[in-house]
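All chains, full assembly: derive it from the sequences and hints.
All residue numbers for the sequence shown refer to the numbering used here, where the first residue is 4 and numbers rise by one.
Note that these hints are calculated values from the structure, not bench results. Any given hint could be a false lead.
Taking lysine-lysine and the DSS-like style, the derived pairs with C-alpha atoms no more than 27 Å apart in a straight line are [stated by the list, open to error]:
(1) 228 with 171
(2) 116 with 73
(3) 107 with 74
(4) 214 with 41
(5) 73 with 23
(6) 239 with 167
(7) 5 with 73
(8) 23 with 171
(9) 214 with 74
(10) 216 with 167
(11) 41 with 158
(12) 74 with 115
(13) 214 with 252
(14) 280 with 167
(15) 115 with 216
(16) 5 with 70
(17) 107 with 14
(18) 171 with 280
Just the calculated beta-carbon pair ranges, DEER-fashion [as the list claims (entries may be wrong)]:
(19) 132 with 265: 29 to 39 Å
(20) 168 with 225: 17 to 27 Å
(21) 249 with 19: 54 to 64 Å
These numbers were taken from a predicted model, which means no experiment stands behind them. Where a beta carbon is used, it is the ideal one built from N, C-alpha and C, also for glycine.
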Amino acid sequence: MKEIATPTRTKEIVERYNLKAKKSLGQNFMVDAQLLGKMVDHTGLTERDGVIEVGPGIGALTEQLAKRAKKVIAYEIDQRLLPVLDDTLSSYDNVDIRHEDFLKSDLTQVFKKDFSDVDNVYAAGNLPYYVTTPILMRFLEERLPIETLTVLIQKEVGDRLAAKPSTKAYGSLSIAAQYYAETEVISAVPPQAFMPRPNVDSSIITFRIRKEKAVQVNDEAFFFKCIRASFAQRRKTLRNNLNHWLGDKERVTEALGRSEIDGARRAETLSIQEFGKLADALNS
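In structure tokens:
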């Protein structure tokens with residue numbers, strides 16, 4: 004049987020089940036098997052490993068994951084797609100579809116029970132644009148025991164996640180992601196790779212989870228508050244943003260001096276290590 008991720012097969016499935024992609028759920032079905040294969044290549048999956056997928060849709064990526072992995076657990080929130088997935092993935096006995104909201108699921112139990120017999124666990128997904136960041140940050144902030152997270156997301160968001168200092172895309176989201184993982188944009192994905200075609204370009208991006216965070220800080224919550232405050236008004240200097248946030252010019256001046264950072268710089272020029280020094284100095 005033809006792979007799911009082709010225009011012909013996808014159209015056939017959509018027509019058979021009278022499916023209409025829900026804009027409210029950010030649904031666009033991938034119809035480029037070659038790009039999905041490239042995506043799976045970058046997960047690092049082997050036949051001894053497990054994988055969590057978010058948003059399987061009609062099973063295009065799930066199929067590619069199932070060919071490589073020992074076990075696939077896929078979270079699908081749209082009840083209409085459950086019979087479709089039962090059909091399209093019927094030949095794969097290593098796939099477990101969960102009709103759950105991934106953001107509310109008990110992942111501790113999943114790792115403890117469902118993945119007890121695998122070597123490593125990976126994560127992947129063609130993520131709905133409207134919940135991309137919450138899904139990514141759940142994987143990263145909860146320090147889930149995954150090796151890599153490989154996702155298909157809106158290009159603009161991917162650029163921000165992988166951005167380096169002194170670039171237009173670099174901001175608090177870049178630092179949040181890179182604090183937990185090494186990020187790499189694998190491939191651009193044009194609108195014609197989907198059905199229906201979205202109005203935006205997409206990217207495949209991989210997060211290689213760090214064994215240790217990019218910088219050690221005394222207070223993680225304060226560190227992220229400091230970053231958000233520093234980027235509050237991008238055109239303003241670091242000193243001005245911090246003064247506005249804390250309302251204590253003396254404290255800000257002293258912290259900038261101790262961390263050896265010029266307060267006339269803008270937040271987008273600071274590395275994650277410099278933000279670590281600055282946050283600790285401000286919070287000491």
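Hint by hint, here is what the structure shows:
| no. | hint | in the structure |
| --- | --- | --- |
| 1 | 228 with 171 | holds, 21 Å |
| 2 | 116 with 73 | holds, 15 Å |
| 3 | 107 with 74 | holds, 21 Å |
| 4 | 214 with 41 | holds, 25 Å |
| 5 | 73 with 23 | violated, 32 Å |
| 6 | 239 with 167 | holds, 19 Å |
| 7 | 5 with 73 | holds, 22 Å |
| 8 | 23 with 171 | violated, 37 Å |
| 9 | 214 with 74 | holds, 24 Å |
| 10 | 216 with 167 | holds, 17 Å |
| 11 | 41 with 158 | holds, 17 Å |
| 12 | 74 with 115 | holds, 14 Å |
| 13 | 214 with 252 | violated, 37 Å |
| 14 | 280 with 167 | holds, 18 Å |
| 15 | 115 with 216 | holds, 24 Å |
| 16 | 5 with 70 | holds, 14 Å |
| 17 | 107 with 14 | violated, 32 Å |
| 18 | 171 with 280 | holds, 23 Å |
| 19 | 132 with 265: 29 to 39 Å | holds, 37 Å |
| 20 | 168 with 225: 17 to 27 Å | holds, 21 Å |
| 21 | 249 with 19: 54 to 64 Å | holds, 60 Å |
The structure fails to meet hints 5, 8, 13 and 17 from the earlier list, while all remaining hints are met.
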